[in-house]
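Chains as they are written, first to last, in my numbering: chain A, 186 to 448; chain B, 186 to 448; chain C, 186 to 448; chain D, 186 to 448; chain E, 186 to 448.
Hints may contain errors.
Intra- or inter-copy, both count: the list cannot distinguish identical chains.
Using 30 Å as the maximum straight-line C-alpha spacing, the simulated DSBU-like pairs for lysine-lysine come out as follows [claimed, not checked]:
no., residue 1, residue 2
1, K273, K253
2, K284, K330
3, K273, K240
4, K253, K284
5, K282, K395
6, K395, K330
7, K284, K273
8, K284, K248
9, K240, K282
10, K253, K240
11, K284, K244
Rather than coming from a laboratory, the hints here were simulated on the basis of the structure.
These numbers come from a predicted model, not from an experiment.
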Amino acid sequence: MMTIVGIVTAIAAIVIATLIDGNSFGALIGPSSLVLVVVGALGVSLSGFDIPDLKALPKAIVKSFTAKLEDSDDTIDVLMRFAEIARKDGFLALEDKLKDVDDSFLVAGLQQVVDGADAEAVREILEVELDSLETRHQNLIDFVKALGGYAPTMGMIGTVIGLINMLGNLSDPSQLGAGMAVALLTTLYGVIFANLVFLPIGAKLQRLHKAEVAKKELALDGILAVQAGASPRALVERLEAHIEPESRRGHAARAGQPVVEAA
Amino acid sequence: MMTIVGIVTAIAAIVIATLIDGNSFGALIGPSSLVLVVVGALGVSLSGFDIPDLKALPKAIVKSFTAKLEDSDDTIDVLMRFAEIARKDGFLALEDKLKDVDDSFLVAGLQQVVDGADAEAVREILEVELDSLETRHQNLIDFVKALGGYAPTMGMIGTVIGLINMLGNLSDPSQLGAGMAVALLTTLYGVIFANLVFLPIGAKLQRLHKAEVAKKELALDGILAVQAGASPRALVERLEAHIEPESRRGHAARAGQPVVEAA
Amino acid sequence: MMTIVGIVTAIAAIVIATLIDGNSFGALIGPSSLVLVVVGALGVSLSGFDIPDLKALPKAIVKSFTAKLEDSDDTIDVLMRFAEIARKDGFLALEDKLKDVDDSFLVAGLQQVVDGADAEAVREILEVELDSLETRHQNLIDFVKALGGYAPTMGMIGTVIGLINMLGNLSDPSQLGAGMAVALLTTLYGVIFANLVFLPIGAKLQRLHKAEVAKKELALDGILAVQAGASPRALVERLEAHIEPESRRGHAARAGQPVVEAA
Amino acid sequence: MMTIVGIVTAIAAIVIATLIDGNSFGALIGPSSLVLVVVGALGVSLSGFDIPDLKALPKAIVKSFTAKLEDSDDTIDVLMRFAEIARKDGFLALEDKLKDVDDSFLVAGLQQVVDGADAEAVREILEVELDSLETRHQNLIDFVKALGGYAPTMGMIGTVIGLINMLGNLSDPSQLGAGMAVALLTTLYGVIFANLVFLPIGAKLQRLHKAEVAKKELALDGILAVQAGASPRALVERLEAHIEPESRRGHAARAGQPVVEAA
Amino acid sequence: MMTIVGIVTAIAAIVIATLIDGNSFGALIGPSSLVLVVVGALGVSLSGFDIPDLKALPKAIVKSFTAKLEDSDDTIDVLMRFAEIARKDGFLALEDKLKDVDDSFLVAGLQQVVDGADAEAVREILEVELDSLETRHQNLIDFVKALGGYAPTMGMIGTVIGLINMLGNLSDPSQLGAGMAVALLTTLYGVIFANLVFLPIGAKLQRLHKAEVAKKELALDGILAVQAGASPRALVERLEAHIEPESRRGHAARAGQPVVEAA
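Isolated chain A (complex conformation) (with noise of 0.2 Å):
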């Protein structure tokens, strides 16, 4: 959502500065300036990725339209409720509850648990989890910084074309200025498309991938203590070191209900 509220924004700073210069409008269409813009840019940065890094493009520009922060909040009372029925029932009666769980890197992981690996297997086997998410997503970012990198260069280009045929053809001293102003057209649409769509949107590609990661990165924390027999208590504390002081509520407070601590 922000990112199309900050997009709009700054669209409208734009817009509102134009009007109160009496700058106009129509001076600043340019569909040339488009195609070489957008077209140069998505054409120059695939041919620095591959057919499944496009594909994967569409689905994470929206995803950076859409999709709300990561929370940890759900994530520690889960593994809270998951603890203690670990202490009281064992890891097998954890098994029937894992259907009623969303998040499938929690279900990998409390499933290795109940399946009896050890520590070190499970940390292992979700640290390449994460590893290989870390791949994925990076490398998607870094497609779109493609895109916002080559934008304004795209954009120079067709400037510095449009300079040389204006400089080659001065017999009409007139249209120098109006030459300019359609060469320096495509590098307006290469700042703008750059830094009001591409760079955002990889920013916020960045920033979701951080905090899933951060996520991940208590939930493996958590699903080894499960394993490891922290009491219900315990694992809060030590989850909730994982996020901001105000979000941390405490096993009471978590639980609902006056503590009475298993352990």
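Dock chains B, C, D and E against the given chain A, drawing on the hints supplied.
Using the frame of chain A, we list chains B, C, D and E on its own:
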């Protein structure tokens, strides 16, 4: 404090230099440039972050103006006293004194020691706490740096829009100078807001963050030493290695009396 | 493939934009700019590298155009079959099947297992292999990136030389425009060769390299699992953590039949 | 020393080149540019740091001009002698000789050895000391680099202000050249102060820091070797691996007499 | 060699392009620009380093022109022979053969093995040696890169000084072009010296450094294998993992005869 003093000094330098050169300030007033640069940069930066980041921003800016660099001197004193008590009366005797300690990181760590957590567990939970602090701070610092990075770009966008309009209307050449002056104004605003406001605030937040992390690392080191039963003198020696040589006062001076080594 | 498609798309975007604006291509032909940018950038880049790097360049460029991203799916299948055989018939039984495997990294690692090397030794030799691959690839990528970095600089050198000559011969002002147009041409060629040729090729080589390393890391992980006597199902689970969730088919699907777990 | 020689050489190069071209220095005098660049850059840099940083700055600048690169030759000699004594007369015999050692890092480490701290504790306390030195130095270096980064920006701000005023008053075109000349002056001052003053000082501080760290790492290595009871010859061999081959004199040469190996 | 060939090629490209465009070289001669750029950049770079760095510079430049990339092929042969001898006749038998080895790193390491140092000690001393080499080389490379970084800046300083003088003396507009041409000349010299001399030399030194480190790491690996009593065949297999697949000749080929495995 220093942040305001520094920014005011820099603005004064610009004002004085402008006066010396006999330049007028009237030509530098541009509400449209202000809107474009500040609102635009805020919008674009925001689109790469999310609501919690926006909410944390004002507090961070105030902090960059008012916060003092964290100083670890008190922490050493506190830990020295706790080491003394721990050696004389055992860890449980620490609990009473924890009420008088302000620093929540120190309290959390020492509480773990009182609760009898083993050294590895204490270290792990405090390191998670530190990592999580680092992530939160870095996120905010990146936000402020994004503002500093986008401000000149928004300024350049305004300038190019102004130039395109000016070049497309060269019928009245006498207006050319005035048009370019107005166009350049957004560039000026962009550079000034970036370099006199956003980037210094970002740098100060980074500086404050580093000092806070250094203090917390010293505290972590000291908590583990208390738990390991270090003598007050050994603890002071160890912790003073963290701070600059000029601030090292030694155990005797800190104790404020001839040392009678407890061990 | 995608590299050629991408570059052609970007060139098409430039051509179409130039046609829309009614600019001519005649003004953009400059053999001297071509010589200066391409030969110059090659010379300068070469002086920072050596003959083996130059020899490896053409093959790398062809590879960037034709190579497909490495896919680890087959590797998982192969390792699953080897895990099965190893558990049923012992490591020595693997030797026969090694002939059918294409991937030399996989063969080398499994041969070590057959030869009875211990896990640490297998890991070490394969990691050295990976490091050495990384060094060789990075070297080539740096070479291509150097080409992309020097091309615009050579273009700028040509433009400055052109400007100096033009400015020194202002006797015929009507030539000024034409002179500047020619001077700007090397800048254009420099930017185009960097951004439409060298940098995308460099980015593609980097992308291919990352995919190859990811595949080899999966193979390394799998070889060690085979040696440790992992069941085919556990091995598939472990290795599929390396790849994107959509490509995970599970042991049953890979085996192509109802699973009868060997262990 | 070299810092002053270098800066003077660079200034001389500028002066000579200006004289050869017949340019005048009168046009290069601009008190307003001086104020804007130096005071402005100081203000902005300061706002990102704090009072302790400002206090440490003058001493650091003086140090960059006068300090010599730390040389580890003496340290090896000292440690060789201490290794000899330690092997002959035990660690306690070292205490007397510590008075004659200047290097406080060496004294602190050897004092720990005399006090009977174990190897791990000695290493830890000295590494904390090194980290803390690194943080303090890097902070100062960042401050000086900030000065070097902001100076050209302040210069550009002055130039844009000058250009805006000039462009707004084109009524007297004969003044255009003079106005632009004055405007460019702050750019010149900004670039000169950054590249002839701040950045070289920052680079020199970095260089001195690296040499100091290298010396302290050698000392740390040697202190641990003394504690481990290394023979003087083994210690010299080990420590000389830290320094360039040309400076290696070997144990015999250092002892200044035919070696009679103690062990 | 390649460095000279590369630089000459780049200069030839500039000359040919200039001739094709009919530009004159006379306009490109500027002794003042040469002084300003070369002496100025040397001065500024020097002020960030120290006398030992200056002394090492000429040798490094010569090395960048004449040195060949280190090739590890011989090292593998030598280590293979030493492994054979060590297994047949023990470590002491190696001492005689050490005289025939050129590589001082190899000799130092093998001497340690002969002297009976344990594996950890051999590894440590050789790693310190490698670190210290890295520091010395990187220092020099940084010096050359500083030259490449300051040269265009000094060029820009000269250009701005020229522009200021020209703009302040617009009384004779016919001189404007010539004045700007001269002013631009220092920019040209700065860019050329940076990109055709300093940066390629720096890149070459970096390339040579990497190859030397790779060779020494292979040697370190091999020395430890000899000490561990590896068979010649195992040693060759292990060491050949360090080099590119095309250069791997295997134990049989290296021994130049049918292999009779010693173990």
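task = Pop the pair K284 and K273 into one bin, within, between, both or neither, using alpha-carbon distances up to 30 Å.
result = within (19 Å within a copy, 35 Å between copies)
request  = At 30 Å max between alpha carbons, let me know whether K273 reaches K253 within a copy, between copies, both or neither.
outcome  = neither (35 Å within a copy, 49 Å between copies)
ask   = How do K284 and K248 come out at 30 Å by Cα distance, when the copy is not named: within, between, both, or neither?
value = So K284 and K248 pass the 30 Å test inside one copy only (26 Å; across, 46 Å).
key: Homo-oligomer pair classification [K330, K395; C-alpha up to 30 Å]   = both (16 Å within a copy, 17 Å between copies)
ask   = Checking K282 and K395: alpha-carbon separation at most 30 Å within a copy, between copies, both or neither?
value = Cα proximity of K282 and K395: one copy only (28 Å, versus 39 Å across).
ask   = For K253 vs K284, is the C-alpha pair at or below 30 Å within one copy, between two copies, both, or neither?
value = Classified as within; 24 Å inside a copy, 39 Å across copies.
request  = Have a look at K284 and K244 and pick one of within, between, both or neither, based on CA distance no larger than 30 Å.
outcome  = Answer is within: at 27 Å inside a copy they meet the 30 Å cutoff, but 42 Å across does not.
Intra- versus inter-subunit Cα pairing at 30 Å for K253 with K240 = Close inside one copy (22 Å) and across copies (15 Å); limit 30 Å.
message = For K273 and K240, with the copy left unspecified, which applies at a CA distance of at most 30 Å: within, between, both, or neither?
response = neither (47 Å within a copy, 41 Å between copies)
inquiry  = At most 30 Å between alpha carbons: which applies to K240 and K282, within, between, both or neither?
reply    = The answer is neither: 35 Å in one copy and 36 Å across copies each exceed 30 Å.
30 Å Cα threshold - placement of K330 relative to K284 = Classified as neither; 38 Å inside a copy, 43 Å across copies.
Hint compliance for this structure: hints 1, 2, 3, 9 are not met, and every other hint is.
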